[in-house]
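*Asks:* Read top to bottom, the protein sequences are chains A and B.
The working numbering applies: residue 1065 is where the first sequence begins, and numbers increase by one.
The working numbering applies: residue 235 is where the second sequence begins, and numbers increase by one.
If you are wondering where the hints come from, they were derived from the structure by calculation, not from laboratory data.
Think of the CB as a built atom: it goes at the ideal place given N, C-alpha and C, for glycine as much as any other residue.
Where hints are given, some of them may not hold.
What the hints assert, rightly or not - Only pairs whose alpha carbons sit at most 30 Å apart, straight line, appear in this in silico DSS-like list of lysine-lysine: (1) Lys419/B / Lys1391/A; (2) Lys418/B / Lys1391/A; (3) Lys440/B / Lys419/B; (4) Lys349/B / Lys389/B; (5) Lys1391/A / Lys492/B; (6) Lys1391/A / Lys323/B; (7) Lys1391/A / Lys489/B; (8) Lys1391/A / Lys440/B; (9) Lys448/B / Lys1391/A; (10) Lys389/B / Lys440/B.
Stated by the list, open to error - In silico negatives: residues of chain B with every beta carbon more than 10 Å from chain A: (11) Lys349; (12) Leu394; (13) Lys541.
Said to hold, decoys possible - Which stretches of chain B does chain A cover? Using the computed rule of at least three CB atoms under 8 Å from a CB of chain A, they are: (14) 291 to 300; (15) 457 to 464.
Spelled out from the first residue to the last, the chains are:
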Amino acid sequence: MTAAATEPGRTEAARDDRVARRSLAARLLSRPEVGSLVGAVVIFLLFMAVAVPFRNVANVGTILYGASAIGIMAVPVALLMIGGEFDLSAGVAVTTSGLAASLIAWNFGLNVWVGVALALVLSLAIGAFNGWLLLRTGLPSFLVTLGTFFVLQGINLGVTRLLTGNVATADISDMDGFAAAQRIFGSEVVLGPVTLKVTVLYWVVLTALAAHVLLRTRTGNWIFAVGGDAAAARAVGVPVRGTKIGLFMAVGFCCWLSGMHLLFQFNTVQSGEGIGKEFIFIIAAVIGGCLLTGGYGSVVGASVGALIFGMTQLGINYAGWNPDWFKTFLGVMLLLATLVNVYVKRKADLR
Amino acid sequence: MSVPGQVADNERQNAVARTTRIAVLVTGTVAALTLAACSSGGGRQTTQESAAAGTATTPTMTIAFITHAAPGDTFWDLVRKGAEAAALKDNVDLQYQADPDGANQANLVQSAIDKKVDGIAVTLAKPDAMRANVTKAGQSGIPVVALNGGIDAWKSMGVLGYFGQDEKIAGAAAGERLTADGAKKALCVIQEQGHVGLEARCDGAKSTFAETEKIYVTGTDMPSVQAAITAKLQQDPAIDRVLTLGAPFALTAVKSVKDASSAAKVVTFDTNKELVTAIKNGEIEWAVDQQPYLQGYLAVDSLWLYKVNGNTIGGGQATLTGPAFIDKSNVAAVEKFAGNGTR
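For reference, chain B alone in the conformation it holds in the complex (with noise of 0.2 Å):
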């Protein structure tokens, strides 16, 4: 007979020997299949870094940068690389913040004023939870420009400047280009319920083309947005556009388009890499382009210059950055940049 605590000891000494042995043969098989398992082509030793460009000489400046930006939306990748190749050339210490919540992207700002910065570029998505905290900025003295969305709102918050399309315009050219292609029956894919800028590009190519018909997705859930739109395709064969409203909707709806064995064609707003690779193979026809690269860019570069220079870009009107078109003629200029992830 043992006593007890001989037996713990032996448990706890099988269980060394066992974890022992266990590792061994994790480390062993690891690092076995790391030998074997290297990739011949593709990964990160394929893709290509971009230069970096000159440096300003003017001291250096902290700009808040405040998106309502979802987490893991790749247009904003875009739009965040922009802004930080202007920072990198004027010397601008960047701070990029994001809440997709209209009422904590307000509070952004406010914390952007504790912090005395010496500008604030700020999305205007949602402008009435905006005003408030943007007008103080402007009166306690930070200039603020405004990106992307709220195109009419931005002039009456005291903001020096806006640099975006307006929704409403861009999802009318896709509309007149819909009515150009001879399209019959668009899907306009909506990602998240309730948000003004979406809507409003799907109203807008409602209103240059008239049988446009909504549909909404969980834009957090991949397997269900594809089967959602599979359905819809399903439901109503006479739909032969299906119009998408962000890069990885487009390249999932090109899936369902596959699943429902329609002969619907793919369109859609924004790009990224994948995207235009996609528009290059045929996949799909083309993509309303809204430069969000320029638009972080022209944003930290505009309150550089007002700092240093006081210009203002665009000399009190809005900067319009799109729409343009990328398709099968053009892709080939754009797809060089997008290659670095800047497109």
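Extracted from the complex, chain A is given alone in its bound form (with noise of 0.2 Å):
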């Protein structure tokens, strides 16, 4: 204050918008994750006025399971999508995770454990693998994980019915160890009136510590880095190599904990499952505010994102308007709650 009285041109320094700093709100307002927030309050309440089962607080267990089953696996991909890759790979690596767990424990006569645990290494080995073939290649991750989305699919119907002579995995319920997996990975909690599937808590958890990494740590600045620009960010001494492997991974790990909850939840994986989810997953990290371009987002975006696409699937429903339409007014939701987030930041912007 006492500067400021004694150099007269320092007031009209303070108003240069450059260095002026931003009220809270514009700040607030300019977060990406805002946009989506927004965009989940509007549909939630728009289904909230027409649809009365949305009202009901025990359905909110159901509404959450929905959005959960997306969101465990848009959280990895968006962080992936931060640092400057895609992973079309990720909804049949899901299933894959899955067979390999229950095909392995099957075949073998093994303790379903021991399934588990090649499962996740082989998820980890898939995600490595993608990271590994992308950078040594140097073609974009659109086309290297095609690739793979390719192969898995394959594989998953070739091995699956090369070892059951099925297309489905038999049913490993009887199998040593499936009762504490399913504990684990397909157990529900009671709070309440609201029964929660243990899919809402992986997905809280993965979340929170996803967000506390990207935005608290020199590994969450490395990740914008490399989506940033990776010339600049390795120029600087950041591991873009290490970075991009790493995100692959963690959409491994991701893969194997979902793959796990659709074994255990329904005691046997179709092979065929899992196509076409990768876009949910994208699309939900973009609905939350992740450029596809690369270097800008947010995990919880990511999350609200889920959110947004489970209430919508689900207050559909729940409105019981016509099923014929069903897709239709997916999409009309989807693109009512992007343009709320796009006008939301513009605005911020403006500020």
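Work from the hints to combine the two standalone chains into their complex.
*Replies:* Shown next, in the form of structure tokens:
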């Protein structure tokens, strides 16, 4: 204050918009996830108004389950997109992991946990392979992971059929370790009127963990840096290779987590599942404010994106609208949420 | 000070040492786990293998078996096993191919014509897409039989015979059964939007049981199937029957009913091994069985009979393989075959 009094030119400098402190509201609104939060509130209010069962607290568990199934994968996919890459194999890799755990245990008559552990190794290896191939060949990740997507799709069907003679795994619920694994990957908790599936817990924990890593650690800075400009990042000493491979392996880990839920929730895994889900993960991340070009985005936003997707999908059912138009409603709602997102962001940038 | 080359060498040696240590650790752990990790029950060792039958002495003939199966649909396992059983008996080289896309499936028929196979068994779920190539196959002297789908279309394409059920009649039978069971309102779960056969089942059910409502779910995404059915049951508590159109979805619907704390009962089209167990346990009331194994078997066998003796099964009429009902009263008879993976 005293400095301002002695130096008359300083007050004018403070008004210079390059150095001016923006208001708290403006800073808050320019966070990448805020637009999606507003979008989520709009969708929430809409369904609260039109769908009676949506208002029932007991049904929160169903909506959160639908959202968590997407959210568990949307979080690592968002990290990967901020790091400047895509993973089109994420949808079928979930199925691969579930199939691997089930088939290994079933085929060799092993404890289910051995299958679970080896499936984790496999999922991480698939992630590492994607990252390695990407860096080795210099091809765009769209192409590399599209290749993996088809390869895994074929392996899922081929290996399952080879080992079991069927296109789905055999029921392994009578094998050792199944009950314990089911408690970890497929159980539910009752909180008052709400029954929550364990995936909701994983989703929340993953979101918190990933948000912490992204915003509060050096690794988080690396992720932003490699997504913004990989060459510049390398020049200032960011381990681009390690960061990208690590991100793909994070996707692999979450594929494993989802795959285990798939297996222990339904006892068997159909080998054709998961196709097309990779886009839903990417869509959730984009609704949540991730740029397709990398270097910008938020994991909290991606989780909110998953929530929007979950609410919309089930809200349409709750509203009891004509099911023939389901996908149309879904598309319109998602556009609506994204438009609100863009609008809020633009308003924030203008302030 | 060390020169860069040495640093790299040291790093490499360290890396090699580290890799070796990790490898030893992993191998050791796996070995230890494997020893301690055998399951006392379940798994492959408890699965029975079905016995092979004798083989015909006729010369080997090649049959292309072309379906619209989506990858990973358990229903088609049964069709394929029936076809393989007949192929083994009749000394047939069976070439199984599938594509859910109508145009792609038609291309598979064209490639079978190009290969000059001795016979084609084909599903006509999307008859208009298939018409041109199936007709062409018949004109170029390759006998064609149809199965599973296309009961209204096969005759006009010059096809020798048809093995399957009429989806509309099967749906109507399910509706009649719902009425007889005293159901109030049914939810018909369609796992693939725009699939003519599945729509026909729901429409058939609606024709004899008016209170039938449709819902579309994404069949390739089980968690979303479960959540969607749960949501629908929560939205409309009047629903007291869930009618699914495939065995895996019936088993998922059982979980949805539990999640929604609904009193609805689950009934379904088509079976697999797990579903037969579920009927036995009372988790699922009944299933409409169209005998997929028989469809595959008859399709191949009829082509063989046509080739060696000029016979046509069905004598120019459709051979219906369903609908029959599997419920608690007759499940025991089916169970032992389901264990082999053939019902």
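*Asks:* It remains to establish, for every hint, whether it holds in the given structure.
*Replies:* The hints, checked one at a time:
no.: 1; hint: Lys419/B / Lys1391/A; result: holds (24 Å)
no.: 2; hint: Lys418/B / Lys1391/A; result: holds (28 Å)
no.: 3; hint: Lys440/B / Lys419/B; result: holds (10 Å)
no.: 4; hint: Lys349/B / Lys389/B; result: holds (24 Å)
no.: 5; hint: Lys1391/A / Lys492/B; result: holds (26 Å)
no.: 6; hint: Lys1391/A / Lys323/B; result: violated (47 Å)
no.: 7; hint: Lys1391/A / Lys489/B; result: holds (24 Å)
no.: 8; hint: Lys1391/A / Lys440/B; result: holds (23 Å)
no.: 9; hint: Lys448/B / Lys1391/A; result: holds (14 Å)
no.: 10; hint: Lys389/B / Lys440/B; result: holds (27 Å)
no.: 11; hint: Lys349; result: holds (22 Å)
no.: 12; hint: Leu394; result: holds (28 Å)
no.: 13; hint: Lys541; result: holds (27 Å)
no.: 14; hint: 291 to 300; result: violated (count 0)
no.: 15; hint: 457 to 464; result: holds (count 6)
In summary, the structure is inconsistent with hints 6 and 14 from the numbered list given earlier, while agreeing with the others.
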